[in-house]
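Peer 1: Spelled out, the chains give:
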Amino acid sequence: MTITDSPPRAGVRPVRRRRSSDRGFNRAFRWISHGAGITILVVLAAVALFLLWQAWPAITAGGEQLATSVPRFPADTSLLAYVGPLVFGTLLAAVLALCLAVPVAIGIALFISHYAPRRLAQLLGYLVDLLAAIPSVVYGLWGFLVLAPVLTPFWLWLNENLSWVPLYGGQASTTGRAMATVGVVLAVMILPIITAVSREVFLQTPKLHEEAALALGATRWEVVRTAVLPFGRSGVISAAMLGLGRALGETMAVLMILSPGFSYSLDILAAGQHQTIAAYIAADFPESTGLGINTLIATGLALFVITLAVNMTARWIVSRRKEFSGAN
Amino acid sequence: MAQRIDVKDLNIYYGDFLAVQDVSMTVEPQSVTAFIGPSGCGKSTFLRTLNRMHEVIPGARVEGSVELEGVDLYGSDIDPVAVRRNVGMVFQRPNPFPTMSIRDNVLAGVKLNNKRISKAEADDLVESSLHGANLWNEVKDRLEKPGSGLSGGQQQRLCIARAIAVKPQVLLMDEPCSALDPISTIAIEDLIGELKSEYTIVIVTHNMQQAARVSDRTAFFNIAGTGKPGKLIEMDETSTIFSAPAQKSTEDYVSGRFG
Chain A
-19 MTITDSPPRA GVRPVRRRRS SDRGFNRAFR WISHGAGITI LVVLAAVALF
31 LLWQAWPAIT AGGEQLATSV PRFPADTSLL AYVGPLVFGT LLAAVLALCL
81 AVPVAIGIAL FISHYAPRRL AQLLGYLVDL LAAIPSVVYG LWGFLVLAPV
131 LTPFWLWLNE NLSWVPLYGG QASTTGRAMA TVGVVLAVMI LPIITAVSRE
181 VFLQTPKLHE EAALALGATR WEVVRTAVLP FGRSGVISAA MLGLGRALGE
231 TMAVLMILSP GFSYSLDILA AGQHQTIAAY IAADFPESTG LGINTLIATG
281 LALFVITLAV NMTARWIVSR RKEFSGAN
Chain B
15 MAQRIDVKDL NIYYGDFLAV QDVSMTVEPQ SVTAFIGPSG CGKSTFLRTL
65 NRMHEVIPGA RVEGSVELEG VDLYGSDIDP VAVRRNVGMV FQRPNPFPTM
115 SIRDNVLAGV KLNNKRISKA EADDLVESSL HGANLWNEVK DRLEKPGSGL
165 SGGQQQRLCI ARAIAVKPQV LLMDEPCSAL DPISTIAIED LIGELKSEYT
215 IVIVTHNMQQ AARVSDRTAF FNIAGTGKPG KLIEMDETST IFSAPAQKST
265 EDYVSGRFG
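Just so you know, the sequences run in chain order A and B. Each residue of the first sequence is one higher than the one before, counting from -19 in the numbering used here. Each residue of the second sequence is one higher than the one before, counting from 15 in the numbering used here.
Hints are computed from structural coordinates only; laboratory data are not their basis. Where is the CB? At the ideal position from N, CA and C, for every residue including glycine. All clues stand as given, with none of them false.
Quick partial rundown of chain A residues pointing at chain B, CB under 7 Å, derived from the structure:
(1) Leu188
(2) Ala192
(3) Leu196
(4) Gly197
(5) Pro210
Just so you have them, the derived chain A footprint on chain B, three or more residues with Cβ under 8 Å:
(6) 65 to 72
(7) 109 to 118
(8) 173 to 183
Sequences are here, hints too, so could you generate the full structure?
Peer 2: The following block contains the structure:
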């Protein structure tokens, strides 16, 4: 026996007309989603305009004028020469952090998604997410109170024995408050986001592709290599870019750990060599006035441009091999 | 190349659940053996135990033995990875690696087996495998294009080329045509007919006409009800199964009375 609704009686309207409230919801939803999209553009444009507007006096002012009114502005140079070392320091810190964090993050993500027993994987997932919840000021404190003293002997050893490597040259800091320590702390800070995104991407690998590899006689590592990693490649790049964004903009931890300086030095073990834009703005803003503030905002503009450029490069890398992405 | 499979008293479990009970059969070399039966009767599960692919699911295990030319695939010193290199598999839905070109897809299994082969050897292997899968003429001008750009039927033949490139003894096919249109299905069926001179072929199919067309021997699986284990009801020459089966349930199934 089959169960059906009571049969329609004669005279009952056969097709329910679309109610006007349905159209209202449709329209409202369309406006909400459009509005959300437009808001992003407006905010981005507002920030860019603000930066340009506030940085303009510093950009147009001459070197001499800046030298008299901005503390620590070296004589006989231009704004570009002044921002240059800051940009270099920012990129150096972010690249160091990324180089340290990405391999570890991929390793953890693969372990969670393809190797660990389910319970352990869940626990590890929570722990990694927890890392992301620690405020950066705590990372800063931990970095210079705990990590710097622990790492210092290691840095000194590198400096002594491997000083021919460009990164390990110079006069190593005896307090550990150098770019190398900053790189490690930043790496720990960006590890959770890269791990979490990579793990999700790896878990999305179609079963079909993993089975294809298995049926050809692939070991677990070969399955990862032929099916999981190629599938997750663009996702891992996006994850790394998210991490890079955070590393570029990180202020508090850098400010608390790094002993600042203004040079193009690659000696990441030496103190007083580098400074990042974000930490520099935070450190000098309270004491700046007038043209000094404009100069700081000009450095902020540089950071904004770098971040945009990094993201666009990442998108370009991802789209370059779209044909092979598996999306078709 | 082709080898014979002897299955003795095989029980397949998922955890405590008995999925397939007490299967014994012999699969002859250089022939096509078809598994038919209603959905959920365990024919795909059983197929996957022939190359230990069912072990991918946690908790899956077997009792009994599966012997390939006298070697027990479930022996304690047998590596499942080695089993799968000898027993190739083609899946229900075509699954070429999307990030690889057509050429790399064909070579994927060979590269996995850690063999270093020269470019000339690789070229020959790609050509012979694609010839073997009746795909060479369609793709010879675009070997560097992604495999996912081919049509469904071409993708499935690419998967067959990939499977035979590692020169397996046995080729398992799990409903290889169920996601394909009739023209592509005919192409695959013709191919199966050609491949059986070199391989032992086992095919699971829902399509009884297909089993009748391509196979030499047919095994009918059935299930008594939900939660009960699947069983092998009977196995015989395909013509016998479809004309004069020994069991009533087989006759009911092949004549379309249920399933």
